[in-house]
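Peer 1: Note that the protein sequences, when read in sequence, are chains A and B.
Just so you know, full-length UniProt numbering puts 24 at position 24 of the first sequence, and the rest follows in order with no gaps.
Just so you know, full-length UniProt numbering puts 271 at position 271 of the second sequence, and the rest follows in order with no gaps.
Source of the hints: derived by calculation from the structure; they are not laboratory data.
Under the rule of at most 20 Å between Cα atoms (straight-line distance), these lysine to aspartate or glutamate pairs were calculated in the EDC-like manner:
1. A/Lys54 <-> A/Glu89
2. A/Lys94 <-> A/Asp176
3. B/Lys263 <-> A/Glu158
4. B/Lys263 <-> A/Asp272
5. A/Lys123 <-> A/Asp211
Estimated spans, in silico, between C-beta atoms of each pair:
6. A/Ala10 <-> B/Trp208: 31 to 41 Å
7. A/Gly125 <-> B/Arg34: 18 to 28 Å
8. B/Pro251 <-> A/Ala306: 48 to 58 Å
9. B/Val166 <-> A/Arg217: 51 to 61 Å
For each residue, glycine too, the CB sits at the ideal point set by N, CA and C.
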Amino acid sequence: MLRFLARRLALAIPTLILASMIIFALQQLLPGDVATALTGEERDPQVIAFIREKYHLDEPLPVRYAYWAGGVLRGDLGESIRLQKPVSELIVEKLPVTLELACLAMLVALAIGVPMGVLSAVKRGQAADTIANGIALWGLSVPNFWLGILLILLFSVELGWLPASGYVSPFESMSDNLAAMVMPAFVLGNAIAAVMMRHTRAAMLGVLGSDYVRTARAKGVSPLRVTLRHALPNAAIPIITLGALEFGQLLSGAVLTEQVFSVPGFGKLMVDAVFNRDFATVQGVVICTAATYIALNLAADLLSAAVNPKLRRA
Amino acid sequence: MSTGTPIAEATGLAAPAGTPALIQEPGTLAAFWRRLRARPSAVAGLIIVGLLILMAVFAPWIAPYDPTATDWGNVRGAPSLAHPFGGDEVGRDVLSRIIFGARASLGAGLVSVALAVSLGLPLGLLAGYAGGWIDGAISRLTDALLAIPFLILAIALAAFLGPSLVNAMIAIGLSATSTFIRLTRAQVRAVAAEEFVEAARAMGNPPWRIARVHILPNIVPAILVQATLTIAAAIIAEASLSFLGLGQQPPEPSWGAMLNTAKNFMDEAPWMAIWPGLSIFLAVLAFNLFGDGLRDALDPRQRT
Numbered sequence: 001m002l003r004f005l006a007r008r009l010a011l012a013i014p015t016l017i018l019a020s021m022i023i024f025a026l027q028q029l030l031p032g033d034v035a036t037a038l039t040g041e042e043r044d045p046q047v048i049a050f051i052r053e054k055y056h057l058d059e060p061l062p063v064r065y066a067y068w069a070g071g072v073l074r075g076d077l078g079e080s081i082r083l084q085k086p087v088s089e090l091i092v093e094k095l096p097v098t099l100e101l102a103c104l105a106m107l108v109a110l111a112i113g114v115p116m117g118v119l120s121a122v123k124r125g126q127a128a129d130t131i132a133n134g135i136a137l138w139g140l141s142v143p144n145f146w147l148g149i150l151l152i153l154l155f156s157v158e159l160g161w162l163p164a165s166g167y168v169s170p171f172e173s174m175s176d177n178l179a180a181m182v183m184p185a186f187v188l189g190n191a192i193a194a195v196m197m198r199h200t201r202a203a204m205l206g207v208l209g210s211d212y213v214r215t216a217r218a219k220g221v222s223p224l225r226v227t228l229r230h231a232l233p234n235a236a237i238p239i240i241t242l243g244a245l246e247f248g249q250l251l252s253g254a255v256l257t258e259q260v261f262s263v264p265g266f267g268k269l270m271v272d273a274v275f276n277r278d279f280a281t282v283q284g285v286v287i288c289t290a291a292t293y294i295a296l297n298l299a300a301d302l303l304s305a306a307v308n309p310k311l312r313r314a
Numbered sequence: 001m002s003t004g005t006p007i008a009e010a011t012g013l014a015a016p017a018g019t020p021a022l023i024q025e026p027g028t029l030a031a032f033w034r035r036l037r038a039r040p041s042a043v044a045g046l047i048i049v050g051l052l053i054l055m056a057v058f059a060p061w062i063a064p065y066d067p068t069a070t071d072w073g074n075v076r077g078a079p080s081l082a083h084p085f086g087g088d089e090v091g092r093d094v095l096s097r098i099i100f101g102a103r104a105s106l107g108a109g110l111v112s113v114a115l116a117v118s119l120g121l122p123l124g125l126l127a128g129y130a131g132g133w134i135d136g137a138i139s140r141l142t143d144a145l146l147a148i149p150f151l152i153l154a155i156a157l158a159a160f161l162g163p164s165l166v167n168a169m170i171a172i173g174l175s176a177t178s179t180f181i182r183l184t185r186a187q188v189r190a191v192a193a194e195e196f197v198e199a200a201r202a203m204g205n206p207p208w209r210i211a212r213v214h215i216l217p218n219i220v221p222a223i224l225v226q227a228t229l230t231i232a233a234a235i236i237a238e239a240s241l242s243f244l245g246l247g248q249q250p251p252e253p254s255w256g257a258m259l260n261t262a263k264n265f266m267d268e269a270p271w272m273a274i275w276p277g278l279s280i281f282l283a284v285l286a287f288n289l290f291g292d293g294l295r296d297a298l299d300p301r302q303r304t
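Could you build all of it, start to finish, from the sequences and the hints given here?
Peer 2: Now the structure itself:
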């Protein structure tokens, strides 16, 4: 297991380094002089000179990357020019909000996707399967920002049941926090629910066709018990590992969901930074996302290997 | 002449007279077409895609108004006979903007996926067929790109390139490239292990000829399915970027950008939000339906 971990880490670290290079190189896409572009609206030559100095813009690209990467390793993601704050501080401030949203969304996705997947696998080819597949297709095709707008239209504008925006910290008021988060969590979880449903259906179909399930059926175990006690635990492994990989999708979706509902999280930070031409913040958010995604990938691999020793040789 | 094959005749399994010959050749284009037609959802997807493309191409002839012409009498005008989908915040006809908006959405979907395939396919072929350090280098690069979630990479690229529809297409295309590299590489490695490739190599065919004549045709179906499903994702991505203001710039119409303004007038003019969203949904659904049907129709395991 330790050797497996070492091998996986040996793959993950170069991946992260290469990803950081790509993210750093994004700067080169800026039209015109980088220092002028980085300062945004500011035309003060002193500020431009300061930026040129701070980001070592007179040095060749590899040297600049080394300075930047060195900073990233020490937890220094640069300064937000717009907000006059270290990027790392901004991220630490916003991350819990997005994590709460992501966890709630995952809960929604599991609560909808897994039962629907189990049902459609058990009732394969029947009406319930067709309906579940239809719902999944709907979940995959509806743009989540539009779904958000429709929900606001219904529950905030028409019915007045839920606030359209206005995030409240759970430490201030748990109920207000949940009231503000229920729509964003549903919108974000909706698309993932469709993916989870498809994973669950495929995993359940695989397990339901296996010999031990047939044996259990032959012994006269009730269909419900066969499904829930015999089949589902074994199908859970691929569901959990594939679910972990959906986290990247969750972060992508959070960008738009937070924008629609004005949730002050990671995604809103990125979009605001894009508009303010606050490129250090954009890069900081992207590298944190990539690092999170690589770590989750690694965790999913380790989890699969812990459960299934055969995979450790792969 | 009988319609059956010699073996079918010899074993007494010949098809009854009048059965088209293509039933005995499950690999042909005609047979593929027949399997696709047997799936109503795929056909529905194809028809909607076709109608949307016609709408985009013939937009100037179909749209009742100029999509950028403002009309102060129709500011946030409710749907009426003259303006069936209503008016927007400066009185432009929403229906005409929806019709013209198809150009941005479908154009972005097709162009960005064409870019992703034209970059990803050769790189994947190279990685899968050459192996060694070339494979290692391309695969690490793919892993690194895949580590950045698709939409986040597209937003970052679009942010640095600057907001415009063309830049959004480039950003989406580059973000989708890694998927095609990985898929092509996996397919190439699977096909290259087949005996007919070994035979072609033993006969002294040069590597580029094996790649082009023997491997490429066998991986086309998988690429085609992925491309169709990626168009759906690219349409959502374009709408997302335009919604954030990073795609199509005003006053040119785009469904995503229309939703962005609609968000500010939700209580007074909900129709501004309904139609663009419905259009995105329909386009994405159509490509997803068609892609799923294509996959089923091309999957050899489904052949009978």
